[in-house]
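Protein chains in written order, with the numbering used here: chain L, 4 to 162; chain B, 185 to 336.
Any given hint could turn out to be false.
Said to hold, decoys possible - Below, simulated DSS-like cross-link-like pairs (lysine-lysine); rule was C-alpha separation at most 25 Å, straight line:
1. L:LYS44 x B:LYS299
2. B:LYS299 x L:LYS94
3. B:LYS244 x L:LYS132
4. B:LYS299 x L:LYS39
5. L:LYS94 x L:LYS39
6. L:LYS94 x L:LYS44
What the hints assert, rightly or not - Here are some chain B residues pointing at chain L (derived, C-beta under 8 Å):
7. ALA207
8. LEU277
9. GLN279
10. TYR280
11. TYR283
12. TRP284
13. LEU294
14. LEU295
What the hints assert, rightly or not - FRET-style restraints, in silico, Cβ to Cβ:
15. B:ALA300 x L:THR93: 21 to 27 Å
16. L:SER23 x B:ARG260: 38 to 44 Å
17. L:ASP54 x B:GLU247: 43 to 49 Å
18. L:SER23 x B:GLU216: 19 to 25 Å
19. B:ALA267 x L:ASN59: 39 to 45 Å
20. B:ALA268 x L:ASP105: 23 to 29 Å
21. L:SER73 x B:ALA267: 33 to 39 Å
22. B:ARG260 x L:ASP54: 53 to 59 Å
23. B:GLN259 x L:ALA7: 47 to 53 Å
24. L:ASN59 x B:ARG289: 22 to 28 Å
25. L:ASN59 x B:ARG261: 56 to 62 Å
26. L:LEU6 x B:PRO231: 29 to 35 Å
27. L:GLY52 x B:ARG264: 39 to 45 Å
No lab work stands behind these hints: they were computed from the structure. Values in this document were obtained by computation on a predicted structure and should not be read as measured data. Ideal placement from N, C-alpha and C gives every residue a C-beta, glycine not left out.
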Amino acid sequence: MTLADTFTVTQPSDTEVLISREFDAPARLVWDAYTKPELVKQWLLGPDGWDMPVCNIDLREGGTYEYRWSHPTEGSFGSTGEFLEVEPVTKIVSTERMEGFDGQSHVVITLREQGEHTVFDMLQRFDSKEARDGAVATGMADGVATSYDRLEGVLATLK
Amino acid sequence: MTVATTALRGTPPDLDDTFAALADPTRRAILERLMEGEASVAELTEPFDISQPAISKHLKYLERAGLVSRHRDAQRRMCRLEAAPMAEAVAWLEQYRRYWEANFRRLDALLDRMKAGEAAGAGGPSTGVAAAGDASDVADRDGHGRLDGSDE
Numbered sequence: 004m005t006l007a008d009t010f011t012v013t014q015p016s017d018t019e020v021l022i023s024r025e026f027d028a029p030a031r032l033v034w035d036a037y038t039k040p041e042l043v044k045q046w047l048l049g050p051d052g053w054d055m056p057v058c059n060i061d062l063r064e065g066g067t068y069e070y071r072w073s074h075p076t077e078g079s080f081g082s083t084g085e086f087l088e089v090e091p092v093t094k095i096v097s098t099e100r101m102e103g104f105d106g107q108s109h110v111v112i113t114l115r116e117q118g119e120h121t122v123f124d125m126l127q128r129f130d131s132k133e134a135r136d137g138a139v140a141t142g143m144a145d146g147v148a149t150s151y152d153r154l155e156g157v158l159a160t161l162k
Numbered sequence: 185m186t187v188a189t190t191a192l193r194g195t196p197p198d199l200d201d202t203f204a205a206l207a208d209p210t211r212r213a214i215l216e217r218l219m220e221g222e223a224s225v226a227e228l229t230e231p232f233d234i235s236q237p238a239i240s241k242h243l244k245y246l247e248r249a250g251l252v253s254r255h256r257d258a259q260r261r262m263c264r265l266e267a268a269p270m271a272e273a274v275a276w277l278e279q280y281r282r283y284w285e286a287n288f289r290r291l292d293a294l295l296d297r298m299k300a301g302e303a304a305g306a307g308g309p310s311t312g313v314a315a316a317g318d319a320s321d322v323a324d325r326d327g328h329g330r331l332d333g334s335d336e
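Let the sequences and hints guide you as you build the complete structure.
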């Protein structure tokens, strides 16, 4: 079992998506990777080809963040939000607004150490269909084809 | 189905019928069964530990969402999957999954570099940053290594 196999996507309700993943590192390193701009810029990029020229994070309750991604042919795209709850190395609750999409989502991140691993959970709740569409905006160029096999696969992973 | 939602903050509106239909495990199981082919309500009820009226209720829900249609076949009313409305919702989930899968693969690599930097360095809160810097140096050296190799 590799770490990639620990990745799950579930749908607790019609407005929420929960993703979970284990990482082979203590929680404090995962926390740093998630909250320090110079580290965030190295991985929070979505599909290949995007980079993150802007990453501002004011990590405190009431503080805000701003991300901007750019792609050589797809253009640029940004998101902003506010931190509602910050419990160091354990939990972050924030809002997220995607540029060009109405509405916002609430994002709850929790980190939990399990032996030498850290379990990273992210619950995202969308306030509108537009906000939900926005969450995959940088991935649209991928053009996911839909087949019965895929439908079946997705239904299976939702369990 | 809305328990987890209300726990967060109020009850948000349903975003659309397809996602609402997919959010329930019984309805997902019904859809999975219908992927194998048409089935009667009795056949659909069989594998579940719930009553036929309860299954019928789920079917009505799926019908309203346009995911299931019903027609008569001889004496029985058969249910059939209508996959088209599901395509958009499934494509979204697939995009979401791919987006985060790509991120997490990169995060694995970053965490490895941070751990290596911590083991080599003096430790402390800024170690991760230093480790990340070290790691890009390593990547550069790897790049040269490959170039040297291709010259040979």
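Tested hints:
1. L:LYS44 x B:LYS299: Between L:LYS44 and B:LYS299 the Cα gap is close to 18 Å, so the pair holds against 25 Å.
2. B:LYS299 x L:LYS94: 22 Å, holds
3. B:LYS244 x L:LYS132: 23 Å, holds
4. B:LYS299 x L:LYS39: 16 Å, holds
5. L:LYS94 x L:LYS39: 15 Å, holds
6. L:LYS94 x L:LYS44: 20 Å, holds
7. ALA207: 4 Å, holds
8. LEU277: 5 Å, holds
9. GLN279: 4 Å, holds
10. TYR280: 5 Å, holds
11. TYR283: With a closest approach of 5 Å, the B:TYR283 hint holds.
12. TRP284: 6 Å, holds
13. LEU294: 5 Å, holds
14. LEU295: It holds, given that the least Cβ distance between B:LEU295 and chain L is near 4 Å, below 8 Å.
15. B:ALA300 x L:THR93: 21 to 27 Å: 25 Å, holds
16. L:SER23 x B:ARG260: 38 to 44 Å: 42 Å Cβ-Cβ, so the 38 to 44 Å window holds.
17. L:ASP54 x B:GLU247: 43 to 49 Å: With a Cβ separation near 46 Å, L:ASP54 and B:GLU247 satisfy 43 to 49 Å, so the hint holds.
18. L:SER23 x B:GLU216: 19 to 25 Å: Holds - the Cβ-Cβ distance for L:SER23 and B:GLU216, about 22 Å, lies within 19 to 25 Å.
19. B:ALA267 x L:ASN59: 39 to 45 Å: At roughly 43 Å between Cβ atoms, L:ASN59 and B:ALA267 fall inside 39 to 45 Å, so the hint holds.
20. B:ALA268 x L:ASP105: 23 to 29 Å: 26 Å, holds
21. L:SER73 x B:ALA267: 33 to 39 Å: Because 36 Å falls inside the window, the suggested range holds.
22. B:ARG260 x L:ASP54: 53 to 59 Å: Once the Cβ atoms are compared, 58 Å apart, the range 53 to 59 Å for L:ASP54 and B:ARG260 holds.
23. B:GLN259 x L:ALA7: 47 to 53 Å: 50 Å, holds
24. L:ASN59 x B:ARG289: 22 to 28 Å: Holds, since L:ASN59 and B:ARG289 (Cβ atoms, about 25 Å apart) stay within the stated range.
25. L:ASN59 x B:ARG261: 56 to 62 Å: At 59 Å between Cβs, range holds.
26. L:LEU6 x B:PRO231: 29 to 35 Å: Given a distance of about 34 Å, which is inside 29 to 35 Å, the answer is holds.
27. L:GLY52 x B:ARG264: 39 to 45 Å: 41 Å, holds
The structure meets every hint from the earlier list without exception.
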